[in-house]
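K.L.:
When you get a sec, could you build the whole thing from the sequences and use the hints?
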Amino acid sequence: MNYEPLPMNNEPSTMNISNTKEAILSLIEEVCDPEIPVLSILDLGIVRDVVFNDDGQLEIVITPTYSGCPAMDAISMDIRLKLIEHGFKNIKITYALSPAWTTDWMSEHGREKLKTYGIAPPNPKQIVCDTELFGRDEAIQCPQCNSYHTRLVSQFGSTACKALYQCLDCQEPFDYFKCH
Amino acid sequence: MEEIDITINKNTIDSPGSSDNILKRLKEDYILHLADTTLILSQRNAEWCGHGPILEQDIALTNISLDLLGQARNFYQYAAVLKGGSATEDTLAYLRTEREFKNLLLVEQPNGDWGQTILRQFFFSVYQYLVYTQLQKSADIQMAAIAEKSIKEVTYHLKWSSEWVIRLGDGTEESNKRMKQALENLWMYTGELFMPADYETLETAGFEIALLKEKWFAKVSEIFAEATLILPANGYMQTGGKTGIHTEHLGYILVELQYLQRTYPGAEW
Chain U
1 MNYEPLPMNN EPSTMNISNT KEAILSLIEE VCDPEIPVLS ILDLGIVRDV
51 VFNDDGQLEI VITPTYSGCP AMDAISMDIR LKLIEHGFKN IKITYALSPA
101 WTTDWMSEHG REKLKTYGIA PPNPKQIVCD TELFGRDEAI QCPQCNSYHT
151 RLVSQFGSTA CKALYQCLDC QEPFDYFKCH
Chain E
1 MEEIDITINK NTIDSPGSSD NILKRLKEDY ILHLADTTLI LSQRNAEWCG
51 HGPILEQDIA LTNISLDLLG QARNFYQYAA VLKGGSATED TLAYLRTERE
101 FKNLLLVEQP NGDWGQTILR QFFFSVYQYL VYTQLQKSAD IQMAAIAEKS
151 IKEVTYHLKW SSEWVIRLGD GTEESNKRMK QALENLWMYT GELFMPADYE
201 TLETAGFEIA LLKEKWFAKV SEIFAEATLI LPANGYMQTG GKTGIHTEHL
251 GYILVELQYL QRTYPGAEW
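The listed protein sequences correspond, in order, to chains U and E.
All the letters of the first sequence, read from the start, carry residue numbers 1 to 180 under my numbering.
All the letters of the second sequence, read from the start, carry residue numbers 1 to 269 under my numbering.
Just so you know, the hints here were simulated from the structure itself, not pulled from any lab data.
All values derive from a computational prediction rather than experimental measurement.
Do not rely on the hints blindly, as some may be mistaken.
Reference excerpt, derived from the structure (chain U facing chain E, CB under 8 Å, subset only) [unchecked claim]: (1) Phe-52; (2) Gly-56; (3) Ser-67; (4) Ser-154; (5) Gln-155; (6) His-180.
Each residue gets a CB set at the ideal place from its N, CA and C atoms; glycine is no exception.
P.N.:
Encoded structure:
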């Protein structure tokens, strides 16, 4: 699994082999973002930790992409259902706000899947998060024809995490998963 | 709601002069002030849903509204934890009265036309950016985390609203006229931003709000220069929002916002 950003401290060696963090992660990898179903929540980088609490409780720590992201409730529910399906009963989902989610946590695999899906993946460097006026505009690559000859239509798109672009070569409008 | 009040009263009765209790109340009030301000602006912007001048900008404004709502929820949830008892984010948002709301007067002002909505958002975003930049350094970990989470969103709002202020101010004769009118309508509510309430102290906030005034003016002046708009001379400034003395508009906003919970208490979906 290509998943770097999650800080792992692999303590519970006494646990059953199926109850390691890696095993839990591979279970919840099947949970997808309800708005962008090609991305798993691991691709998105919103799962921050898996904790086996002393009382036998399994705690999953997730972080929202945006403060008001309406998908968080659905994602929490899906994680819970997925774990119940695999026999876990005592489950707790907690939200962590800090460190704040960033598109840097999105996996390479996730970026590729986004592009195939027709959404331009976030540029590796944050350029847009800048209050300076008339700052450099990002060069965004069209996910259809790979042209960089594109224009920003709106900084806000169909969900909080996307901006709206249009390719000036193939003329296709497309979503850009904006840097955050 | 009643239960929340009882909790507060009980605390006060238990140890009336305790400075810890006073500080606790001030801290809760400060967080509620931050929560109420973002909630009310969110509600105002959401009124544009389906009415924006073009689809993309309708979506932009409702996205901003959603960000603000998320920020408000984070603050309400934290306030509810501090208050304890039966307080939840919902009781705090849906069951407090107009006099208990501590939002800035600026954010409750009517949407007016697109220009007035843009200018209100711009004034607020500049302010919010400066305030949250300070809050990120708060010794209170949760406050710092909420600010850290929010500031990326605020940066987007600031950029978007700045560009619109310039486009409209330096646009057509009509758009310039409307921006001047919006400025006249909103300017008197900007003074309150930097006049501290009793709960806005170094102890609760970690910084002095009055000290941000100059930076706010600098940023607003920079954008206004591009927008060919002139900063008004400092005239009469209306205050009161931070302490619950509101303009007539807030009551109407709350009637709509709280209607469901007032009519069908405890309703969920």
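K.L.:
Of all the hints given earlier, name the ones this structure violates by number, lowest first.
P.N.:
1 and 2
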